[in-house]
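Visitor: Here's the letter readout for the chains.
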Amino acid sequence: MLRYLYRCLLRLHPPYFRRRFSEEMLSIFDQQMGAWAAARLMADGVRSLLRQWWLRPEFWEEPFTQPAADGVPVFYTIKGFKPRPGWLVDGGLVSAVVFTSICLVMGYTWNHPALMPIMSMYRSGSKITWRRPTSPPPPNVQVANEQPMYVDGGRVVLMIQAPPKSTTPVKD
Amino acid sequence: MRAMKEDLSEFLPLSPATLHILLSLAGGDLHGYAIMQEVKRQSEGQYKLGPGTLYDNLQKLIERRLVQDVGQRAGDDDPRRRYYRLGSLGRAVLAAETTRLEAVVREAKARLHAARPRRA
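Going line by line, the protein sequences match chains A and B.
When the first sequence is numbered by this note's numbering, its final residue is 172 and no position is left out of the sequence of numbers.
When the second sequence is numbered by this note's numbering, its final residue is 120 and no position is left out of the sequence of numbers.
Calculated from the structure, these hints are not laboratory results.
We put the CB at the ideal spot given by N, CA and C, even for glycine.
Hints may be right or wrong, so weigh each one.
[To be verified] For lysine to aspartate or glutamate, the following DMTMM-like pairs were computed, each having C-alpha atoms within a straight-line distance of at most 20 Å: (1) B:Lys109 <-> B:Glu97; (2) B:Lys60 <-> A:Glu61; (3) B:Lys40 <-> A:Asp30; (4) B:Lys60 <-> B:Asp29; (5) B:Lys40 <-> B:Asp29; (6) B:Lys60 <-> B:Asp7; (7) B:Lys60 <-> A:Glu23; (8) B:Lys48 <-> A:Asp30; (9) B:Lys60 <-> A:Glu62.
[What the hints assert, rightly or not] With the C-beta cut set under 8 Å, the calculated list includes, among others, these residues of chain A facing chain B: (10) Phe17; (11) Glu24; (12) Met25; (13) Ile28; (14) Gln31; (15) Ala35; (16) Leu41; (17) Asp44; (18) Arg47; (19) Ser48; (20) Arg51.
Work out the full structure, taking the sequences as your base and the hints as a guide.
Guide: Laid out in structure tokens, this is it:
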């Protein structure tokens, strides 16, 4: 029973390690006498399984080796290289932070209307006051006559409302 | 020679498992189970190497060309056994580690000797 479990444990190892060493490991298991020694090997097998999957991604598949030839340089290739899961998590985290920062910078610059009240309050240290312009708007500005206009610290914000929907049917 | 030493320094210091495996193979070609037995003998039973740790280290040593896999041998009791051989680079690394450890032991002895309380 323990041998069967140990064999299953070996089958769960990464393919390259399994192909190369599982028969030898099973051979060592067969030479152990007693339940205590077998249980110790089971524990060792579990540790090995975790170690191979978590800490040895470079050995999941057979490493690609280029045969050296005289006078020809041998280049290292990363074809069979697989990064550790921890590196992937770190990379994902850094990418998310950078992406979020860029989005924030692009969407909410200091001159963006959404941030203007906040910036005005920050600069003046006072409460935001909205007021309608007292002087009549110039006659050539049509939007200002129809839409409310707010002035804050010398900046003018136009609040443009959507036009009401027409109730009259369109004639063909 | 100096370049060779600099190259070897990247392997040092060796982990206990690696040191014991290289030391076991320094006496000749051995299969996995024999390496485990040899390590147990060297350490007088204090360091027991499991198959998982053994083959994990062998995998790395073969990849770094310190140890060679010489395959199966005809006439062995168990045909599943494969034999491993210490390569020339492995032997050089083992020698460098031994020199390093000698220096450590020498330094430790000198300090312990200096710190020993004198008799009145």
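Visitor: Of the numbered hints stated previously, which ones are contradicted by the structure, given in increasing order?
Guide: As far as the earlier hints go, only 15 is violated by this structure.
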